[in-house]
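Asker: These protein sequence lines are chains V and A, in that order. Take the first sequence: its position 402, counted from the start at 1, is 402 in this note's numbering, and no numbers get skipped. Take the second sequence: its position 429, counted from the start at 1, is 912 in this note's numbering, and no numbers get skipped.
Treat the hints with care, since some could be wrong.
Stated by the list, open to error - To list a few chain V residues with every Cβ distance to chain A over 10 Å, as calculated:
#1 Leu57
#2 Arg84
#3 His108
#4 Asp117
#5 Glu163
#6 Leu244
#7 Glu253
#8 Leu284
#9 Val285
#10 Val332
#11 Asn334
Said to hold, decoys possible - Think about it this way: if two alpha-carbon atoms lie no more than 30 Å apart in a straight line, the pair counts; the simulated DSS-like pairs of lysine-lysine are:
#12 Lys396(V) / Lys317(V)
#13 Lys856(A) / Lys81(V)
#14 Lys812(A) / Lys217(V)
#15 Lys566(A) / Lys136(V)
#16 Lys582(A) / Lys59(V)
#17 Lys853(A) / Lys221(V)
#18 Lys407(V) / Lys463(V)
#19 Lys60(V) / Lys22(V)
#20 Lys812(A) / Lys136(V)
#21 Lys81(V) / Lys935(A)
#22 Lys221(V) / Lys67(V)
#23 Lys853(A) / Lys126(V)
#24 Lys217(V) / Lys195(V)
#25 Lys195(V) / Lys8(V)
#26 Lys59(V) / Lys217(V)
#27 Lys81(V) / Lys853(A)
#28 Lys862(A) / Lys81(V)
What the hints assert, rightly or not - A few chain V residues that face chain A, going by a derived Cβ cut-off under 8 Å, partial list only:
#29 Pro51
#30 Gly95
#31 Val148
#32 Gly458
#33 Gln459
Derived by calculation from the structure, the hints in this document are not laboratory data. Where a beta carbon is used, it is the ideal one built from N, C-alpha and C, also for glycine.
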Amino acid sequence: MNQVVQQKYETVIGLEVHLQLKTETKIFCGCANVFGREPNAQVCPVCLGLPGTLPVLNKKALAYAMKAALALNCQINSFIKFDRKNYYYPDLPKGYQISQYDNPIASHGYLEIPAEDGRVKRITIKRAHLEEDAGKLIHDEGTNSSLVDYNRTGTPLMEIVTEPDLRSSQEAYDYLQNLKLTLQYLNVSDCDMEKGSLRCDANISIRETGDPCLGTKTELKNMNSFKAVKAALEFEERRQQKALESGERIVQETRLWDEGRGATVSMRSKEEAHDYRYFPEPDLVPFVVDEGVIDTIRRSIPELPQQKYKRFRSEYKLSDYDANIMVQDADVANFFEACARLYPQPKKICNWIQGPLLQELNARKAHVRDLRMTPEYLTTIIRKTDENVLSNLAAKEAFQHVMETGKSADEVIEQKGLAQVSDSGILESVVEEVIRDNEKVAGQIREGKESAVGFLVGQAMRKTQGKANPKILGELIRRRLLA
Amino acid sequence: MKLNELTAHEILDLIRSRRTSISEVYEAVTDQIQTTEKDVRAYVRLNEKPCHADALDAAAVPVPIGIKDNICVAGQETACCSKILAGFRPPYDATVIRKLKASGAVFVGSTNMDEFAFGSSTENSCYGPTRNPWNLDCVPGGSSGGSAAAVASGEAIWAIGSDTGGSIRQPASFCGVVGLKPTYGRVSRYGLVAFASSLDQIGPLTKDVTDAALLMNIIAGYDEYDSTCADMPVPDYTQALMNDVKGLKIGIPQEYFVAGIDPEVKAAVTAAIEVLTEGGAVVEEVSLPHTEYAVATYYIVATAEASSNLARYDGVQYGLRRQPAAVRKNPLIDMYEETRDAGFGPEAKRRIMLGTYSLSSGYYDDYYLKGLKVRTLIKQDFDHVFREFDAVVTPTCPTTAFKIGEKMDDPLSMYLSDVYTISVNLSGIPAISVPCGFSKHRLPIGLQILAKPFNEEMLLRIAYAYEQRTEWHKRRVFER
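Given these sequences and hints, build the entire structure.
Answerer: Take a look at the structure:
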């Protein structure tokens with residue numbers, strides 16, 4: 001597709017995200033809400049939808065959803081009402097899903113994403129509502145039959161729907177990244193697309209640039225990573241452009257992303273317009289959430305990544321890149337701040353965190369919380385490096401030992417003898433010795449070959465088993481031979 | 484009188500004073516079943532002889548009870564008299580069952596009903612109809628017809644039913660027993676297989692008002708498993724049995740005494756009102772102007788909820804599953820269609836279709852939403868009357884029990900059988916039906932008393948006072 005065609009069209013995208021809330025128990029019964037257990041190991045008469053059972057709302061799920069909605073700058077609807085969405089599918093044991101139709105818990109919110117000019121763009125969140133998840137069908141090729149696992153049935157789900165505000169697959173990707181980060185800060189969802197705790201459907205249409213009317217949209221499903229969402233949108237954008245260019249019409253339909261083929265494929269079912277026959281759920285009495293309860297939830301929201309980013313930029317003068325990395329994980333950000341309070345060298349701290357610390361984390365697939373490194377230990381190492389007590393090499397060694405043993409930085413430095421020798425009295429005698437042993441090189445230096453100083457420093461380092469301060473050594477050698 | 488013809492409170496007196504035993508009472512009931520069940524067919528399943536200790540604590544109420552086939556008992560088949568639930572054994576007890584077990588109840592069996600409580604005659608049962616013990620050619624009413632017939636025939640001392648539009652009170656009226664529909668939210672619905680969730684309520688069918696109060700003491704109360712259950716203290720309902728109506732203001736709704744009412748019913752109810760007046764009650768005519776819309780409203784709201792509640796019977800998890808031999812649409816859709824076609828009776832299908840229709844997009848506003856609005860108006864009629872009156876008294880049904888088969892081809896006339904009971908469910912208020920006479924064909928007539936929400940005590944008080952002044956409740960079907 002040439003650029004002229006690409007510029008001729010504008011892409012319009014809206015996202016629907018389903019988020020599993022990580023409450024301890026399911027939304028309408030007391031079953032555990034855990035991923036990955038053997039099939040049908042966490043079910044009860046209520047989530048199995050057995051005749052005679054009734055739902056009882058888990059208030060925690062409501063609080064989690066409200067917390068998320070508040071963090072997404074939504075207006076909260078304190079009148080809570082549920083509706084039934086009626087449809088048949090074997091993974092839906094009651095033949096209806098308890099959801100919210102005309103009275104979602106939240107609306108009119110927004111999430112910021114980076115814009116091209118370094119500013120931010122607000123993506124409007126149209127609505128967010130609470131509902132129950134369905135079970136899972138497992139198709140057994142061997143027996144050519146389908147089995148149902150109801151473990152997931154009744155997991156609290158929050159659906160977050162944007163307005164069609166996104167204009168590119170990159171914006172969609174950024175939106176998902178920021179959404180995930182925000183929700184992880186709140187600790188209300190794992191947001192793991194591979195485990196299904198975050199699922200995303202995308203609506204996409206294109207129109208000629210400047211056209212105020214929306215084009216015919218298609219709905220994309222079956223993407224199981226943020227990258228897949230991006231790729232599916234890119235494919236679909238081009239497919240629609242090609243179609244319009246060759247005079248075809250876009251058909252409103254649902255298309256599945258085929259990861260293997262890297263293409264979206266029409267579901268082909270002549271979609272009869274679904275009539276879900278929504279009506280108020282008579283088994284759950286509508287109620288009003290106390291303003292005080294909402295305020296308590298509001299106050300429990302921590303500083304969010306976007307705010308933290310801005311603050312790190314101004315307060316610690318971090319670069320855009322550094323600030324971004326520091327806020328990608330709330331615990332990392334807190335670790336950074338704790339260090340910066342102990343030893344106000346934010347850039348150096350940032351380098352240590354980005355480098356050795358995050359490398360270790362990734363290698364161990366561990367979390368900051370699980371590390372034996374504390375802000376005290378790390379800043380001790382950094383400070384002692386700055387004070388020339390530790391060489392860079394010794395600092396790295398001290399870091400490794402702390403990580404492995406959990407001993408304090410001071411203890412490690414002491415036990416391993418990592419402190420540099422800076423005592424000029426001791427070092428002078430070493431220098432004397434080295435000059436004596438390397439008369440030829442010393443002579444060259446005296447004749448002005450300054451580059452050879454490093455060789456003598458190296459020899460002196462070897463004699464002191466690396467403990468000497470190389471800077472001081474260099475100065476002593478120069479003074480002795482060049483003065 | 485045989486033991487099984489006694490009331491529960493009479494039996495409790497005998498047991499507590501050791502003049503009889505639980506076993507003797509149970510045997511009297513099963514003897515009666517041996518004799519008359521082949522004609523009455525009140526039960527769809529009889530339990531094994533229960534093991535029970537004859538020595539129970541003083542608070543125990545070890546009375547043989549019949550349970551409507553739509554209330555879940557752990558491990559025992561609960562089928563709502565529908566083929567689609569055949570063989571379904573719930574793994575849990577309904578809250579009401581749990582409370583009854585704790586009280587020492589002796590479970591006789593599961594009583595017959597219209598499939599999923601859809602009906603007013605117990606003819607819509609997959610097991611065939613129950614017959615009215617007073618006249619075996621007549622229906623016992625419905626949908627709790629099995630429970631009413633069991634109590635009337637002495638095949639149970641008392642029974643549990645459910646009432647969505649009159650399903651306790653109408654069969655109580657037809658069978659000459661007492662039936663109480665509690666306030667919506669007074670008794671937990673957990674474990675009651677749903678027909679219409681916003682209308683359903685479990686309640687007692689008993690031989691007299693005292694028994695109704697005793698059974699309410701056992702089953703009423705808050706339940707954390709039912710969000711619609713009221714968290715309000717439960718009074719001791721026997722305290723309401725004070726035989727005094729002096730000064731109570733009782734309203735008689737003019738709309739309930741118009742065309743369609745059987746003259747014998749009208750005469751009996753008029754006489755009953757006279758008894759209350761003589762007892763010192765102040766009786767005045769009142770108006771419930773939206774009464775004429777009640778049946779239409781009910782059949783929109785109730786069927787809409789039912790269509791959704793019955794969606795779970797899809798052949799996937801439990802109950803009947805049918806798969807046609809050859810693929811028609813696709814194996815899944817075929818299974819749904821074949822299962823539901825084979826599993827549901829004609830009335831269930833009719834109601835599912837009605838409800839699906841009124842919830843469909845394009846019709847929702849005109850039917851379901853309109854229905855909800857009219858429901859509010861009907862409720863306001865009662866709110867208005869109860870601001871001034873302590874109770875409202877009406878006939879329970881326009882007629883006495885009709886013949887088996889008489890209305891099966893005419894659903895609308897069947898629906899009209901509930902014309903006096905339906906408004907109560909739409910409004911959520913409590914009501915009781917007590918025997919108030921017999922027709923010349925020896926068929927019972929029922930008097931209905933209505934009160935404001937959570938004032939079951941008022942119902943019991945008036946009903947008891949009436950009962951003390953009359954002998955109708957003492958008639959027994961098989962007395963010679």
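Asker: Each hint: holds or not?
Answerer: Evaluation of the provided hints:
1. Against chain A, the non-interface label of Leu57(V) is violated: not every CB pair exceeds 10 Å, the least being about 7 Å.
2. The non-interface label for Arg84(V) is inconsistent with chain A: the shortest C-beta to C-beta separation is roughly 5 Å, within 10 Å.
3. Even its closest Cβ contact with chain A, about 26 Å, leaves His108(V) beyond 10 Å, as expected for a residue assigned away from the interface.
4. Remark: the non-interface label on Asp117(V) is consistent with the geometry, its nearest Cβ contact in chain A lying 44 Å away (cut-off 10 Å).
5. Look at Glu163(V): its CB is around 23 Å from the nearest CB on chain A, clear of 10 Å, so calling it non-interface holds up.
6. The Cβ of Leu244(V) lies farther than 10 Å from every Cβ of chain A, with a closest approach of about 31 Å, so its non-interface assignment holds.
7. Distance check for Glu253(V) against chain A: the nearest CB is about 19 Å away, which clears 10 Å, and the non-interface claim stands.
8. At roughly 5 Å, the least C-beta separation between Leu284(V) and chain A is not larger than 10 Å, which violates its mark as non-interface.
9. At roughly 6 Å, the least C-beta separation between Val285(V) and chain A is not larger than 10 Å, which violates its mark as non-interface.
10. The Cβ of Val332(V) sits about 42 Å from the closest Cβ of chain A, beyond the 10 Å cut-off, so the non-interface label holds.
11. With 10 Å as the threshold on Cβ separation, the claim that Asn334(V) sits away from chain A holds: the shortest Cβ distance comes to roughly 39 Å.
12. Distance check on the hinted pair: Lys396(V) and Lys317(V) sit about 25 Å apart at the alpha-carbon level, within 30 Å; holds.
13. For the proposed pair Lys856(A) and Lys81(V), the alpha carbon gap of about 18 Å is at most 30 Å, so the pair holds.
14. Among the hinted pairs, Lys812(A) with Lys217(V) is consistent with the structure: their alpha-carbon atoms are about 29 Å apart, no more than 30 Å.
15. Annotation: proposed proximity of Lys566(A) to Lys136(V) holds, straight-line Cα distance about 28 Å (limit 30 Å).
16. At roughly 27 Å between alpha-carbon atoms, Lys582(A) and Lys59(V) fall within 30 Å of each other, so this suggested pair holds.
17. Distance hint between Lys853(A) and Lys221(V) is unfulfilled; the C-alpha atoms sit about 37 Å from each other, more than 30 Å.
18. Between Lys407(V) and Lys463(V) the CA atoms are separated by roughly 28 Å; this keeps the pair inside 30 Å, and the hint holds.
19. With a C-alpha separation of about 10 Å, the suggested pairing of Lys60(V) with Lys22(V) holds against the 30 Å cut-off.
20. Distance check on the hinted pair: Lys812(A) and Lys136(V) sit about 23 Å apart at the alpha-carbon level, within 30 Å; holds.
21. As the CA atoms of Lys81(V) and Lys935(A) are separated by approximately 26 Å, the hinted pair is consistent with the 30 Å bound.
22. A distance of roughly 27 Å separates the Cα atoms of Lys221(V) and Lys67(V); the hinted pair therefore holds under the 30 Å criterion.
23. At most 30 Å may separate the alpha-carbon atoms for a hinted pair to count; Lys853(A) and Lys126(V) meet this at roughly 29 Å.
24. For the suggested pair Lys217(V) and Lys195(V), the alpha carbons sit about 28 Å apart, so the restraint of at most 30 Å is met.
25. Taken as a hint, the Lys195(V) and Lys8(V) pair is broken in the structure, with Cα atoms around 39 Å apart against an allowance of 30 Å.
26. With a C-alpha separation of about 37 Å, the suggested pair Lys59(V) and Lys217(V) falls outside the 30 Å cut-off, and the hint is violated.
27. With a C-alpha separation of about 19 Å, the suggested pair Lys81(V) and Lys853(A) falls inside the 30 Å cut-off, and the hint holds.
28. Restraint check for Lys862(A) and Lys81(V): the C-alpha separation of about 21 Å stays at or below 30 Å, so the hint holds.
29. Checking Pro51(V) against chain A by beta carbon gives a least distance of about 4 Å; that is within 8 Å, so the hint holds.
30. The beta carbon of Gly95(V) is positioned within 8 Å of a beta carbon in chain A (closest approach about 2 Å), and the interface hint is therefore held.
31. Among the interface hints, the one on Val148(V) holds; its C-beta lies about 7 Å from the nearest C-beta in chain A, closer than the 8 Å criterion.
32. A distance limit of 8 Å between C-beta atoms decides the matter here; for Gly458(V) the minimum to chain A is near 77 Å, and the interface restraint is violated.
33. The interface hint given for Gln459(V) is violated, since its Cβ lies 81 Å from the closest Cβ of chain A, which is over the 8 Å cut-off.
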